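2 protein chains.
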Amino acid sequence: MAAGVRQQMVDTAAVLLAKHGLQATSFAEVLKASGAPRGSLYHHFPGGKDELVLAALGAAGDRAATVLDGLAGQPADLVAERFIGLWRAVLTRSDLTAGCSLLAVTVAADSEPLLDRAGEIFAAWTERVGELLAAGGVPAEQSTALATSLIAACEGGVVLARAARSMAPYEAVAGVQLALVRSAMSG
Amino acid sequence: MAAGVRQQMVDTAAVLLAKHGLQATSFAEVLKASGAPRGSLYHHFPGGKDELVLAALGAAGDRAATVLDGLAGQPADLVAERFIGLWRAVLTRSDLTAGCSLLAVTVAADSEPLLDRAGEIFAAWTERVGELLAAGGVPAEQSTALATSLIAACEGGVVLARAARSMAPYEAVAGVQLALVRSAMSG
Chain A
9 MAAGVRQQMV DTAAVLLAKH GLQATSFAEV LKASGAPRGS LYHHFPGGKD
59 ELVLAALGAA GDRAATVLDG LAGQPADLVA ERFIGLWRAV LTRSDLTAGC
109 SLLAVTVAAD SEPLLDRAGE IFAAWTERVG ELLAAGGVPA EQSTALATSL
159 IAACEGGVVL ARAARSMAPY EAVAGVQLAL VRSAMSG
Chain B
9 MAAGVRQQMV DTAAVLLAKH GLQATSFAEV LKASGAPRGS LYHHFPGGKD
59 ELVLAALGAA GDRAATVLDG LAGQPADLVA ERFIGLWRAV LTRSDLTAGC
109 SLLAVTVAAD SEPLLDRAGE IFAAWTERVG ELLAAGGVPA EQSTALATSL
159 IAACEGGVVL ARAARSMAPY EAVAGVQLAL VRSAMSG
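Chains as they are written, first to last, in the numbering used here: chain A, 9 to 195; chain B, 9 to 195.
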C-alpha cells in the first residue's frame, strides 16, 4: 500500500514534468493531482522535491529502457520505428500537451543532481539504441551517431509538434530519420 | 534611452529563458539581472510577464531570421552548416548552460499566447530554412521535411549536449544532418 502511494506520486510527478515542466511540478501540485496525503510526500521523499523528480526521471528512463530491451534482435528500422512510436504515443495520447520529462528537467534544472540524472538517462538510451541499431544491420561505426540523431530528432520533433499543435512536424522528422536508418542498413 | 532600457530587459529575459526556463524568468530576476528600475518593467510591459516573454521570443526569432536572410543564394549544405553553427555558438559561448528560449517556453507554457508565438516562430524558421535548402540544391519535395528535421535535430541536440555537459552529442547530430543535406543535394 505504501509502495502504491509512492509509485502514484512518482507517476504523477512524471506526468506533470512532461506536461508543464520542472517548476510546475511542485509538491503541492503532486498532492493535488495524486490525491496522496501531505505526510506521505515527506515520508517517501525525505530529500524533498529533488528526490521526487529524480525518481520520476528514473521511471521515465526505465519505461523507455523496457521497450528497448524488448527489441533485441530486431532489424534496425523496426528499432527506429518503435522508438519513434514511443514519442508519437506520448503526443497523441496527451492531445499534444505532453513531451519528455528529461528534456523538461534539462532546460530548467536548478540543481546539478537533476542535470546529472537526465544526462545519464539520455546517455543510457543512446548506448542502448546504438547497440540495437548495430545489431539490426547499421554499420557499427555509424550506430552511435545515428542513435544520437534519432533521439535528438525525436526530442526536438516532439517540441515542434507541441508548439504547432499538429503532428505534422513530428511525422516529417520521423520520416527523415527512418529513411536515414534504412539507407544506413543498405549502404 | 527608454528604448535602450526596454531592449535590455528583453535581452535579459531571452537569456534567462535560454538558461533557466520559463518559470525562472520572473520580473524579479529580470530586474536583478538587467539592473533596470522596477517601475520601468510595468512602464514597458503593462501586459505583465507574458508581454515581456513574447518580446523575448520575438527577439530570439528575429536573430535567427536575420542570419537566415543573409544566406539567400548559398548552397544548401552551407545553409545547414550556418544553422547548426547558430546553436553551436549558443552552447559554446554559455559553457553549455544555455539553449533555445522557444523550446524552454514550449515545454513550460502556461498560457496559449506563449505557445502560439513559439509555434509561429518555429513555423517561420522551418519555412525559411526549407526555401533556402530548395534554392540551394535540395529537391523541392524534400526541402520542408529536411528543414523540419534539421531544426528538430538541432533543438534536441542542444538539450542532449546540455544534459551531457559535452558537445559530443551535438556534433554527432550535426554530422548526420549535414550528411543528409549533402546527400539530398546530389541525389
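Hints listed in this document are in silico derivations from the structure and should not be mistaken for laboratory results. Quantities reported herein were computed from a predicted structural model and do not represent experimental measurements. Check before you lean on any hint, since a few could be wrong.
Because identical chains share one entry, a pair is satisfied inside a single copy or across any pair of copies.
[As the list claims (entries may be wrong)] Below, simulated BS3-like cross-link-like pairs (lysine-lysine); rule was C-alpha separation at most 27 Å, straight line:
1. Lys27 to Lys57
2. Lys40 to Lys57
3. Lys40 to Lys27
Now the hints, each set against the structure:
Within a single copy, Lys27 and Lys57 get their C-alpha atoms as close as 17 Å, and across copies as close as 21 Å, so both meet the 27 Å cut-off. Within a single copy, Lys40 and Lys57 get their C-alpha atoms as close as 15 Å, and across copies as close as 26 Å, so both meet the 27 Å cut-off. Taking the closest pair of Cα atoms, Lys40 and Lys27 come within 27 Å of each other only inside a single copy of the chain (15 Å); across copies the shortest separation is 29 Å, beyond that limit.
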